[in-house]
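Colleague: Chains as they are written, first to last, in our numbering: chain A, 5 to 116; chain B, 472 to 583.
Hints listed in this document are in silico derivations from the structure and should not be mistaken for laboratory results. Even glycine gets a Cβ: it sits at the ideal position worked out from N, Cα and C. Incorrect hints may appear among the rest.
A short, non-exhaustive set of chain B residues, derived as facing chain A with CB atoms under 7 Å [said to hold, decoys possible]:
{"no.": "1", "residue": "Arg514"}
{"no.": "2", "residue": "Leu518"}
{"no.": "3", "residue": "Tyr525"}
{"no.": "4", "residue": "Phe573"}
{"no.": "5", "residue": "Ala575"}
Derived DSS-like pairs: lysine-lysine, alpha-carbon spacing no greater than 25 Å straight-line [to be verified]:
{"no.": "6", "chain 1": "A", "residue 1": "Lys104", "chain 2": "B", "residue 2": "Lys544"}
{"no.": "7", "chain 1": "A", "residue 1": "Lys104", "chain 2": "A", "residue 2": "Lys61"}
{"no.": "8", "chain 1": "A", "residue 1": "Lys104", "chain 2": "B", "residue 2": "Lys582"}
{"no.": "9", "chain 1": "A", "residue 1": "Lys75", "chain 2": "A", "residue 2": "Lys104"}
{"no.": "10", "chain 1": "B", "residue 1": "Lys541", "chain 2": "B", "residue 2": "Lys526"}
{"no.": "11", "chain 1": "B", "residue 1": "Lys541", "chain 2": "A", "residue 2": "Lys61"}
{"no.": "12", "chain 1": "B", "residue 1": "Lys549", "chain 2": "A", "residue 2": "Lys104"}
{"no.": "13", "chain 1": "A", "residue 1": "Lys69", "chain 2": "A", "residue 2": "Lys22"}
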Amino acid sequence: EAQVTQNPRYLITVTGKKLTVTCSQNMNHEYMSWYRQDPGLGLRQIYYSMNVEVTDKGDVPEGYKVSRKEKRNFPLILESPSPNQTSLYFCASSLRPSEKLFFGSGTQLSVL
Amino acid sequence: AQTVTQSQPEMSVQEAETVTLSCTYDTSENNYYLFWYKQPPSRQMILVIRQEAYKQQNATENRFSVNFQKAAKSFSLKISDSQLGDTAMYFCATYNNNDMRFGAGTRLTVKP
Numbered sequence: 005e006a007q008v009t010q011n012p013r014y015l016i017t018v019t020g021k022k023l024t025v026t027c028s029q030n031m032n033h034e035y036m037s038w039y040r041q042d043p044g045l046g047l048r049q050i051y052y053s054m055n056v057e058v059t060d061k062g063d064v065p066e067g068y069k070v071s072r073k074e075k076r077n078f079p080l081i082l083e084s085p086s087p088n089q090t091s092l093y094f095c096a097s098s099l100r101p102s103e104k105l106f107f108g109s110g111t112q113l114s115v116l
Numbered sequence: 472a473q474t475v476t477q478s479q480p481e482m483s484v485q486e487a488e489t490v491t492l493s494c495t496y497d498t499s500e501n502n503y504y505l506f507w508y509k510q511p512p513s514r515q516m517i518l519v520i521r522q523e524a525y526k527q528q529n530a531t532e533n534r535f536s537v538n539f540q541k542a543a544k545s546f547s548l549k550i551s552d553s554q555l556g557d558t559a560m561y562f563c564a565t566y567n568n569n570d571m572r573f574g575a576g577t578r579l580t581v582k583p
């Protein structure tokens with residue numbers, strides 16, 4: 005089944021404790037991206053990747069890191085999480101960014 | 472940078488009736504792509520419809536259709552014969568030149 009697998013689904017952590025949210029797709033997509041969803045703000049792009057070893061900042065990259073060492077994986081890293089990073093996070097992939105995005109099931113992150 | 476505005480935070484419609492969700496955007500580009508995504512209570516993001524700006528014909532997908540007014544920078548979504556399963560958040564989005572933008576969303580409730 006074609007899908008984007010994102011883990012964990014829920015995560016509660018404390019300020020400053022490094023964490024990684026994993027994202028993997030099995031559709032051989034070139035393009036992958038991360039978003040955060042906040043009430044009243046919709047989805048905002050954090051980082052995107054056009055291909056392996058190619059990543060770029062989106063609209064709200066501060067406090068986040070990503071890597072694209074393999075085509076299928078695009079993890080999101082929070083080196084020192086802060087409460088303002090409490091949000092719902094989505095990973096997505098597509099053949100090209102102008103095409104349909106396939107989304108993961110989301111990660112609800114709470115930073116205390 | 473592009474902006475996407477959804478002016479209706481919440482809407483409701485009776486089952487079997489028709490509803491239109493509004494979306495306006497601002498871009499200086501001539502070639503771009505427009506999307507409507509649906510997010511039901513399961514929080515999974517699902518593509519509803521996609522429109523290429525250089526195509527004048529309005530996109531349709533079964534009960535879903537758009538009214539694309541390029542000069543007015545308007546991209547409204549019409550849902551015909553509304554069903555209970557259409558209850559969801561709906562996000563309008565645009566893409567061009569490595570910039571993906573989402574609106575704040577419209578929460579649609581279909582009433583029996």
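Colleague: Of the hints given before, which are not true for this structure?
Modeller: Checked against the structure, the hints that fail are numbers 3, 8 and 11, while the rest are satisfied.
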